[in-house]
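S.K.: Heads up: the sequence lines are chains A and B, in that order.
Residues 9 to 503, numbered by my numbering, are exactly what the first sequence covers, in order.
Residues 2 to 354, numbered by my numbering, are exactly what the second sequence covers, in order.
Hints were generated in silico from the structure; no laboratory data involved.
Treat the hints with care, as some may be off.
Pairwise CB distance ranges, derived in the manner of DEER restraints [what the hints assert, rightly or not]:
(1) A:270 - B:263: 27 to 33 Å
(2) B:131 - A:481: 38 to 44 Å
(3) A:384 - B:104: 49 to 55 Å
(4) A:307 - B:104: 22 to 28 Å
(5) B:263 - A:152: 58 to 64 Å
(6) A:213 - B:104: 28 to 34 Å
(7) B:104 - A:58: 36 to 42 Å
(8) A:225 - B:131: 53 to 59 Å
(9) B:131 - A:421: 54 to 60 Å
(10) A:270 - B:155: 16 to 22 Å
Note that beta-carbon positions come from the ideal geometry of N, C-alpha and C, so glycine has one too.
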Amino acid sequence: MPNAATTPPSPAPPPGELFRPYDTREHFDEMLESDGRIRPHYGRFMERLDSLSAAEFKARQEAVDLSFLRQGVTFNVYGDAKGSERIFPFDLVPRIIPAREWEHLETGLIQRITALNLFLHDIYHDQHILNDGTIPAHYVLSARHFRREFVNFQVPRDIYIHICGTDIIRDRDGRYLVLEDNARCPSGVSYVLENRRALKRTFPRSFEACGVRPVEQYPNELLSVMQHIAPAGVTDPTVVLLTPGAYNSAYFEHTYLARQMGIEIVEGRDLFVRDQRVFMRTTKGLQPVHVIYRRIDDDFLDPTVFRRDSALGVPGLVQACRAGNVSLANSIGTGVADDKVIYRFVPQMIKYYLDQEPILPNVDTYLANEEDDRRYILENIEQLVVKSANEAGGYGMLIGPHATQAECDEFRRYVAAEPRNYIAQPVISLSRHPTFGEGGFAGRHVDLRPFILYGEKPVIIPGGLTRVALRPGSLVVNSSQGGGSKDTWVLYGDE
Amino acid sequence: MLSRVANGLYWMSRYVERAENTARLVDVNLQLMLNLRNLNDSTLADHWVPIVQSTGDEELFAQLYARPSGQNVAEFFVFQAANPNSIVSAIGSARENARTVRDQITVELWEALNRLYLFLHSPAARQLWDDNPHDFFNEVRDGSLLIQGMADATVVRNEGWLFMQIGRFLERADKTSRMLDVRHASLAAPGAGPGLSQADVLGWSAMLRSCSAWDAYKALHGAEVRPEFVAEFLLLSEDFPRSVRFCLQQVNTALRRISGVAEGRFSNDAEKLGGRLHAELQFSAAADIFKPDLHTYLDQLQARLNAIGEAVFQTYIFQAFQAGEENAWRQQEEQQQQIVRQAGRFPSMTGQA
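All chains should be modelled from the sequences, with the hints used to inform the complete structure.
M.R.: Below, the structure is given as structure tokens:
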């Protein structure tokens with residue numbers, strides 16, 4: 009926060025001038041039309057914001073930051089010797105989505121998760137889509153997270169992905185595009201809920217005035233999904249959340265969700281398998297467990313099947329799962345849908361399984377494994393975003409226009425050496441959103457991660473995590489890379 | 002409740018109590034040293050060696066320091082990271098345990114513990130220590146009491162609370178007996194009565210103060226400090242909240258509330274051993290604790306306290322684990338808690354980190 013001496017000479021704006029429209033330049037701005045007018049669905053909120061002075065706004069922002077720190081709404085940064093906990097920076101001005109746009113997103117996302125679940129069922133059974141060549145079989149079979157062991161394995165109610173966090177961006181024309189699907193253990197939903205709580209305290213009256221749809225039902229919806237997939241014959245299942253432990257970067261979220269759902273949060277060593285049944289160790293003895301919301305990747309789940317050095321998992325868990333005595337969410341082997349090479353084929357899946365046109369398009373994707381694509385990538389790497397097929401969190405990625413020559417050359421070598429493992433996409437200039445910082449409001453790039461639940465039927469809580477790249481010009485929104493977040497408001501109406 | 006969570010709460014509480022008692026012990030002995038005449042290596046050693054012995058850490062101490070000077074001993078008990086029972090280590094372990102059961106404790110409790118932890122790792126702690134050790138120890142003691150007060154005022158009285166109680170009072174009983182043991186050497190033959198040197202009187206009254214027992218003792222026995230009265234008071238008093246008997250009463254109450262078994266009966270080893278020891282303390286007189294001598298009595302007492310702790314662990318934490326995999330679980334447990342058994346006179350059930 010600047011002190012008096014470093015504040016620009018201009019006097020603090022009087023009430024009504026907290027927000028001044030700025031030049032959106034070539035970007036699509038969520039709030040501002042290109043001529044600087046405020047879009048209709050932000051109208052009511054901005055009327056209220058305008059009644060605040062800059063000092064009042066700042067005071068509210070500080071109050072929220074402090075409360076996040078005190079409550080421990082934090083994430084851990086890997087590679088930090090002190091294992092320090094940081095708050096995820098939070099910007100008070102919400103990202104607002106009008107009803108008609110949300111409806112478009114919702115139908116598009118449901119279409120997508122439906123196709124992905126059909127795809128996973130197919131590749132783990134008859135593999136029609138591979139046999140008739142719609143997707144080259146070698147891409148699926150070589151995917152790092154394809155679990156050969158699970159071919160012909162029945163998952164409860166044929167649902168593979170129960171919880172999906174799909175990253176959505178908007179391009180220069182405001183078109184919504186899918187950037188990636190997180191079908192393993194997507195995180196971030198606790199921030200959606202905490203951000204909403206914080207904003208309700210900060211702008212209590214705006215919610216009613218603007219007509220904002222609630223998100224608080226998420227933990228209940230999640231619990232119903234877990235109950236829906238309980239093993240056959242279990243009417244009152246015991247559900248637990250399996251965490252890698254207190255040192256995991258998302259541990260706050262794990263405890264938060266477990267508490268909200270009223271279920272136990274367990275570590276691998278709290279669980280125990282006997283006769284292909286899973287039990288947790290309590291002070292009153294062994295207690296059976298029926299459904300596990302696992303926040304541990306496949307690799308660490310069961311040392312007898314996957315990584316043998318894993319101390320986080322439960323020996324025998326996979327066998328219990330095979331026997332149908334315990335259900336996992338998400339199922340084992342969903343990571344193949346996260347593979348960025350497989351992502352390239354999701355539009356084909358939608359056509360193949362649903363006979364529909366994709367409602368939400370993909371970002372154009374070049375596969376380094378295809379000769380023409382590879383040549384194009386190598387020749388144009390400076391203009392492209394290059395990503396490793398299986399990394400997340402903004403790691404293993406090159407943004408050509410922002411990279412040095414040496415970095416580009418390094419990625420050229422990677423691409424040439426391991427073509428299966430790299431894809432490239434054109435640089436999408438993500439949409440921007442007014443974000444408060446030193447010197448008032450400025451446009452910062454944002455994305456959106458809605459959370460899709462797939463139980464009895466697909467459900468999406470109206471909203472999601474809007475992540476914002478706080479550094480000017482930055483396109484990387486990940487929390488581990490200096491991103492912040494915003495509350496996301498989905499309106500009942502269009503303005 | 003998950004066994005692991007019960008274990009975490011037990012150790013969190015136990016480590017806080019341990020840090021507080023260490024602060025009390027070292028503080029009083031530093032002050033006592035101010036009264037010593039002829040400060041040379043030999044008198045210093047006479048003064049400090051029993052203190053190091055009383056905690057069962059003398060081997061580790063010998064590895065780390067050449068001689069037992071006041072500075073070395075204090076450093077060993079306060080900041081020494083290699084000593085898992087130093088104040089800094091104990092509060093660190095308490096916080097680690099709290100972190101793994103974060104969703105089970107109140108915000109107020111967490112913040113109080115975090116506050117003491119942050120203080121001990123701040124430059125202000127060293128500064129205060131250099132300026133005035135007594136103020137430093139008060140800060141630690143008050144920090145611990147704030148944590149316990151917050152727990153008292155905010156934690157729901159569920160099973161988790163009961164495990165915290167057991168951890169706290171077992172540790173306190175153990176430490177009270179160890180503080181008493183520091184002074185056993187100055188006892189002549191049982192019941193020798195008068196003939197106590199001036200230094201011994203000071204030593205015994207310092208010991209009472211380190212247990213916050215001076216006022217309570219004075220109210221009962223007047224200002225005359227007699228070792229047998231002191232020992233009787235600290236071991237057998239029914240009402241004094243740091244006496245071993247009082248602590249046992251608390252442990253037994255908690256154990257019975259967990260299992261629901263009535264007084265006078267037992268359903269597991271922890272209840273059996275705890276009930277038996279408490280009954281013995283109830284039906285003992287001063288003469289009994291000097292048979293054959295105080296030191297032997299205290300040694301046996303500590304061993305029995307350890308056995309209760311071990312039985313609690315077996316009953317509630319370990320019981321869920323099948324024989325075949327006990328070792329694996331032990332290993333995991335050791336990785337996290339690093340339970341190291343002391344090679345000292347008696348193994349204390351010290352979770353050490």
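S.K.: For every hint, state whether the structure bears it out.
M.R.: Okay, the hints, checked on the actual structure:
Between residue 270 of chain A and residue 263 of chain B the C-beta distance comes to about 32 Å, which sits within the given range of 27 to 33 Å. Take residue 131 of chain B and residue 481 of chain A: their Cβ atoms lie about 49 Å apart, and the range 38 to 44 Å is violated. For residue 384 of chain A and residue 104 of chain B, the Cβ-Cβ distance of about 50 Å falls inside the hinted range of 49 to 55 Å, so the restraint holds. Under the hint 22 to 28 Å, the C-beta atoms of residue 307 of chain A and residue 104 of chain B, about 26 Å apart, fit the expected range.
Against the hinted window of 58 to 64 Å, the Cβ-Cβ separation of residue 263 of chain B and residue 152 of chain A comes to about 59 Å, which satisfies the hint. At roughly 33 Å, the beta carbons of residue 213 of chain A and residue 104 of chain B sit within the given window of 28 to 34 Å. The hint said 36 to 42 Å for the Cβ distance between residue 104 of chain B and residue 58 of chain A, and at roughly 41 Å that hint holds. In this structure the hint that residue 225 of chain A and residue 131 of chain B lie 53 to 59 Å apart at CB holds, the actual value being about 56 Å.
A hinted range of 54 to 60 Å for the beta carbons of residue 131 of chain B and residue 421 of chain A is consistent with their spacing of about 56 Å. Between residue 270 of chain A and residue 155 of chain B the CB atoms are about 20 Å apart, so this pair conforms to the stated range of 16 to 22 Å.
When each numbered hint is compared with the structure, a violation occurs for hint 2 only.
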